[in-house]
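Asker: Hey, can you work out the whole structure from these sequences and the hints?
Single-letter residue listing:
Protein chains: 2
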Amino acid sequence: MTIQRWKITLEYRGTDYAGWQRQIDVPSIQQAIEDAITKFCQQEIPVTVAGRTDAGVHALGQVCHFDLDYGDRPLDGYGLMKAINYHLLPQPISVIYAEPIDNEFHARFDALNKLYRYHVIQRPSFLCHDRGAAWHFKRALDVEAMHEAAQLLLGKHDFTTFRDSECQANSPIKTLDRLDVTKREYDAYGGVEVIFETEGRSFLHHQVRNMVGTLMLIGEGKWKNGDLIAALEAKNRGAGGVTAPAEGLYLARVDY
Amino acid sequence: MTIQRWKITLEYRGTDYAGWQRQIDVPSIQQAIEDAITKFCQQEIPVTVAGRTDAGVHALGQVCHFDLDYGDRPLDGYGLMKAINYHLLPQPISVIYAEPIDNEFHARFDALNKLYRYHVIQRPSFLCHDRGAAWHFKRALDVEAMHEAAQLLLGKHDFTTFRDSECQANSPIKTLDRLDVTKREYDAYGGVEVIFETEGRSFLHHQVRNMVGTLMLIGEGKWKNGDLIAALEAKNRGAGGVTAPAEGLYLARVDY
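If you read the protein sequences in the order shown, they are chains A and B. Just add 7 to wherever you are in the first sequence, counting from 1, and you've got my numbering. Just add 7 to wherever you are in the second sequence, counting from 1, and you've got my numbering.
Hints are not guaranteed to be accurate.
[Said to hold, decoys possible] Here are the in silico distance ranges between beta carbons for each label pair:
id, chain 1, residue 1, chain 2, residue 2, range
1, B, 191, A, 84, 47 to 57 Å
2, B, 197, A, 120, 18 to 28 Å
3, A, 77, B, 197, 22 to 32 Å
4, A, 138, B, 145, 24 to 34 Å
5, B, 182, A, 155, 46 to 56 Å
6, A, 52, B, 243, 52 to 62 Å
7, B, 11, A, 195, 21 to 31 Å
8, A, 232, B, 191, 26 to 36 Å
9, A, 232, B, 9, 43 to 53 Å
[To be verified] Pulled a few chain B residues facing chain A out of the computed Cβ check, cut under 8 Å:
id, residue
10, 16
11, 18
12, 20
13, 31
14, 67
15, 92
16, 96
17, 100
18, 136
19, 138
20, 140
21, 144
22, 195
These are calculated hints, taken from the structure and not from any lab test. For glycine and all other residues, C-beta sits at the position ideal for the given N, C-alpha and C.
Answerer: Spelled out as structure tokens, the structure:
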């Protein structure tokens, strides 16, 4: 018996899934991956993920690991990727890289850094090409002010104001290493794409979406920087802005 | 009676449509737009388009015009855009700009320049986020060689080699003003997005897709620049490469 641990990197469109975690009677990313692995090797193999994503949230570089006993047959990363993808199609979930890794590797506990992106498209008319892939926001936004305010959230804080009530983390204290807000032209008639990029070792449940929703108050001019600081210091979810919709959020990269 | 001519700019995802032109029993972009206008004003109003697009082809900036008798009621571009969009939803077709224009304006005949983009995503694993929005190509491409070769097609030529047999243009002679091929990183594991941008006053039927399909032979190293020149000079569709799939093509902009 030869058990090999594998690390796989995944892309997925979360729109039609109830999130990463396996649930009864609703499709999940975890179930799709585990089912595809079972179809490939005829074994039921549990998969461990770097970070669970919520319903509707997307991934560009989710990571998971699992242990596979493939006997003495040859198997490399490319072959495993192709085999799992064959069984994932036509679902919008794709293995983009697979590699054998030492048996001590743990997708969740060994993650040193995560990069999330959040996309807002600001314009009056509804979205065609990016429907379900970004938050469509109609009112004008001061993106420079949002970026400036975002810097106030960097560092080690009690992020209770940006923490979902169902968050299971032991502590609300996290260190935020980066939160950049940039914009680019989206269409020829003033449409703007606003891109949030944030990095840190770990995040609370809904933390990114709650930070985005709160920074929109700055962008709309409803809040000043002092209001953001007061909200953070209130350590109270009720003091923050709305939770930005799941459809704009991407787990972009996990670093080890 | 006050007839006003309107110019509208459209975005659409062509995937589930038989193309621009109205046909019996299959959904078309033209029918969707004309039906939405009828629902708004209770009149059957024909719409004239800058350039018809084929089944599955997308638009970021298609342009059309139509004449509307709205009596003495006030109507501005923003209001017209909102009204048509209200009736277009939930289809992936959206008016992104609407403006009153003088009655001599003609969306097709007055077009001075068109910009098309074609997207190829080159990597082994299938696409999740851009499925139906780009040509998924698995083999490696030399993008610099493609760009260099593309410059040989600039200028005034007989483009019969890149012309669909069903093309209804009077002449195969066209002037190509720009054909740039660039690339950018698509994912963290070597995936590359290749973007073709081409401009000219007008194009033959399938010209862009046939030029793209032929330049892929250069990218794969199957052809040298001399082969491309020979194909152009052959003035024979059979001398060119394949027609690139519709799903990668976008009518990006029409200039007047």
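Asker: So, for every hint listed, does it hold in this structure?
Answerer: Taking the hints in turn, this is what the structure says about them:
Checked against the hint of 47 to 57 Å, the pair residue 191 (chain B) and residue 84 (chain A) fails, with Cβ atoms roughly 25 Å apart. Checked against the given bound of 18 to 28 Å, the beta carbons of residue 197 (chain B) and residue 120 (chain A), roughly 21 Å apart, stay inside it. Between residue 77 (chain A) and residue 197 (chain B) the Cβ separation comes to about 25 Å, which falls inside the hinted range of 22 to 32 Å. As the Cβ distance of residue 138 (chain A) to residue 145 (chain B) is approximately 28 Å, the hint placing it in 24 to 34 Å holds.
Distance hint for residue 182 (chain B) and residue 155 (chain A): a CB-CB separation of about 48 Å, consistent with the stated range 46 to 56 Å. Our hint of 52 to 62 Å for residue 52 (chain A) and residue 243 (chain B) holds, since their Cβ atoms are close to 55 Å apart. Taking the beta carbon of each, residue 11 (chain B) and residue 195 (chain A) are about 23 Å apart, inside 21 to 31 Å as hinted. The beta-carbon spacing between residue 232 (chain A) and residue 191 (chain B), approximately 35 Å, falls within the hinted interval of 26 to 36 Å.
The hint said 43 to 53 Å for the Cβ distance between residue 232 (chain A) and residue 9 (chain B), and at roughly 51 Å that hint holds. For the restraint placing residue 16 (chain B) at the interface with chain A, the shortest Cβ-Cβ distance is roughly 7 Å, inside the 8 Å limit, so the hint holds. A distance limit of 8 Å between C-beta atoms decides the matter here; for residue 18 (chain B) the minimum to chain A is near 5 Å, and the interface restraint holds. Proximity of residue 20 (chain B) to chain A holds as hinted, the smallest CB-CB distance being about 5 Å (cut-off 8 Å).
Look at residue 31 (chain B): its Cβ only gets to about 25 Å from chain A, farther than 8 Å, so that hint breaks. Checking residue 67 (chain B) against chain A by beta carbon gives a least distance of about 7 Å; that is within 8 Å, so the hint holds. A least Cβ separation of about 6 Å between residue 92 (chain B) and chain A falls short of the 8 Å threshold, and the interface hint therefore holds. Because the beta carbon of residue 96 (chain B) sits about 6 Å from the nearest beta carbon in chain A, less than 8 Å, this interface hint is met.
A cut of 8 Å between beta carbons decides the hint on residue 100 (chain B): the least distance to chain A is about 6 Å, and the hint holds. Given the 8 Å rule on beta carbons, the hint for residue 136 (chain B) holds: about 6 Å separates it from the nearest Cβ of chain A. For residue 138 (chain B), the shortest C-beta to C-beta distance to chain A is roughly 7 Å, which falls under 8 Å, so the interface hint holds. For residue 140 (chain B), the suggested interface contact is upheld, since its CB lies about 7 Å from the closest CB of chain A, less than 8 Å.
Nearest Cβ of chain A to the Cβ of residue 144 (chain B): about 15 Å, over the 8 Å cut. The hint is violated. Interface restraint check: residue 195 (chain B) against chain A, minimum CB-CB distance 6 Å, threshold 8 Å, status holds.
Violated hints, in rising order: 1, 13, 21; the structure is consistent with all others.
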